[in-house]
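Student: Generate coordinates for the entire structure from the input sequences, incorporating the hints supplied.
Per the numbering used here, the sequence shown starts with residue 1, numbered consecutively.
No lab work stands behind these hints: they were computed from the structure. Heads up, some of the hints might be wrong.
To be verified - Listed below are the simulated DSSO-like cross-link pairs for lysine-lysine, each with C-alpha atoms no more than 30 Å apart in a straight line:
no., residue 1, residue 2
1, 58, 82
2, 58, 78
3, 69, 19
4, 19, 53
5, 69, 53
6, 58, 19
7, 69, 82
8, 68, 53
9, 68, 82
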Amino acid sequence: MAPSAQTHQRTHSLLLFQKLLSLRDNASPLTLILDSLEQSAGPLVREFMNSAKTSRAKVVFVSFATIKKPPKADIFMKGRGKPLNTLAAEIASHVASKDATAASQTLTRPEYLIVIDTLNPAASQAAHLLPAFFSAIIAPSTSLVAVYHCDVPVPAPGPPANEYAPHPLTLLSHLATTVFRVSNLSHAAEARTAQRRSVQAPEFGLREGREGVLIGLRGQGENSFERGLVVEMEMRRRSGRAVVERFVLVERKGEAGENNRGMGVVLWDAHPAFREEAVDDGREGRRCRRLRSMWD
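Tutor: What follows is the structure in structure tokens.
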């Protein structure tokens, strides 16, 4: 790819990511965030809520696992134990707005951001009802962001079950217009370092295969790149073409070391931990020069 075309593509990817975060033009009515024990979706969800408050949209937070109302939430409702049709009616009563046709023609940003802290309870009990549930609460004036925990096992269905029904994660990934998968930045950096050295990448958490290990050790060192997360984006356009890109979200720090509002975003290969030029103290270059001298 020509340098100018590559630069244009990188700029376009960053602008698209910012557009999704800022909820402009209702680019993604249904955004699904996949997280794990190693990296919570919390930082990315907070970025969506911060963007919603900046654009003066109301945040409706639907809780299945959260106990306290988040500071940025305008409306907080409990979802656990409620049938999906009852929950959908309760959400719709809070986000009711003007005529949908007029709203679709005049709104450039949604009036409401609906955040569901976890879809696992609903997906485990009544996954086949999720399409109707989403249709009941998604409108031109709303944007939905939902979290699904990939490490939570799905219980076996009861006796009247359809054995041909897709897995809940497969169904959710098909319904979502944008899918974000978050991973731990320090773990990704260690895996990248192992790849450069041509050694086996380390495993963390459940993949370590050690009894009693649930959460791998997260980076607590002095490296600045350890304060952040890796985000893999898959955005489906109306044409059906998918845009796939990886980003790194890092905490913004002020001059005095205090955190500013929000997080900064860079492309994955532009981060110091993943740049091709980032080699450990030049040792790789010295090794290559020694090999060339042996063949000369």
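Student: Quick check: which numbered hints come out false for this structure?
Tutor: Every hint satisfied by this model.
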